[in-house]
Amino acid sequence: MLNRKYDVHSLSVIKVSENGVTHFYIGYSTLKDNVFVEVLNGKKLVVPDENDVEPLANYYSLLAVRNYTTGESLKLTRDDILRKTIQINMDYAIVQYEKRLNKKLDDTANISDLDERLRKATLSIFPKSGCWSSSEFRKDDNSLIQHLSDDKWLAMRLQRTPELQDVFFGSIYNYVKTSTFFKEQRHNYEQVIVKWQIGWMMSGGDGWLVSEEFSGDLINFDENRDIGFRLGIYRTLRAINMDSETIEEGIEVNSDDWRESVMRSAFRNTYEPIWPFAGEKLARMKPAGEEHMSAWLKIRLYEYYQAHKDSVDKYGKVTPEMQMSDEEVEELREYLAKMHEERMSYLEELKNSKSTGTPEESPKILNKTINS
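FYI, in the working numbering the residues of the sequence shown are -18 to 353.
Read the hints as simulated data drawn from the structure, not as lab findings. Heads up, a few of these hints could be off.
[Stated by the list, open to error] Just the calculated beta-carbon pair ranges, DEER-fashion:
hint	residue 1	residue 2	range
1	Arg245	Gly186	18 to 24 Å
2	Glu315	Gly197	32 to 38 Å
3	Asn123	Ser306	51 to 57 Å
4	Ser306	Ser192	29 to 35 Å
5	Glu315	Asp187	20 to 26 Å
Each residue gets a CB set at the ideal place from its N, CA and C atoms; glycine is no exception.
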């Protein structure tokens, strides 16, 4: 029985709808009116409407159902019938999906205030504040920040807003990919996040990523605090899946909020260090000269530009220091090498001096430098 073959002309396709779900079966007619037996499992099917029955041969081409040389009809095995059953049901499902799709498209096209609703929904999903918490370091399928570069995710987020629940997803997705307004709002929010992060770090906020290369938690006392600080902004925001180019833009657009201040701090950490000058020795330490700091900052800005030229050119402001000639740079380096040697000698003598005297007293090397 399992090896039996069925003549294609003896079989029918029976459409059965139950509880709003439609299935198609392949079966053969019995002697009773409107009663069929499904080939694959022997199930009896009662079909009250003759329009729900169609010859299986209609689902094949004319050349396929009969060998016109021999005159024989197409014979089907159970495997053939199983494959055909699956194909018929799949084809029907695709047609129904396309009908629903076209209806949704038509319904969406008839929404007169769709543009206004899309704009309102866009404004509702992007916060005005860039504040975020440490929970963003954990992968979260519901995190807006972690999906700012994912157009499909953002479209699904928009569709959940009250304004767009009746709008076809494809229209929303296309809006996310093509709308200038949406891109502007997303970009604005991204930049608010970067600015907030910089402000958080500048105000002493913790939880941002810093390498041990820059003294770890003691980065505020590191001689390269400025380098580690910038890297910390980048690494922290990349860790929550923000776009690298977006971060670079925010760092440069907001450079006035951090760069010079942190560079000055790096200078003081080098030439006016707290360690190991606590107490009376720290009180006796004379500040480094303004001319020294000014020259050091010029070179620091020049080196910064060499390291981040592309980002500065795209998003930042190119300063005169960044564009110094090779001769100017060489002259400054020679001057700074001399100042560095003198200042290090002074700090070494201060460190080794006795912890006595008054803050007005200073090592001989400092007097020698001032008088020279």
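Against the structure, the hints come out as follows:
1. Arg245 to Gly186: 18 to 24 Å: 20 Å, holds
2. Glu315 to Gly197: 32 to 38 Å: Because 34 Å falls inside the window, the suggested range holds.
3. Asn123 to Ser306: 51 to 57 Å: Check passed, 54 Å falls within 51 to 57 Å.
4. Ser306 to Ser192: 29 to 35 Å: 33 Å, holds
5. Glu315 to Asp187: 20 to 26 Å: 40 Å, violated
Figure legend: structure checked against the earlier numbered hints; the only hint not met is number 5.
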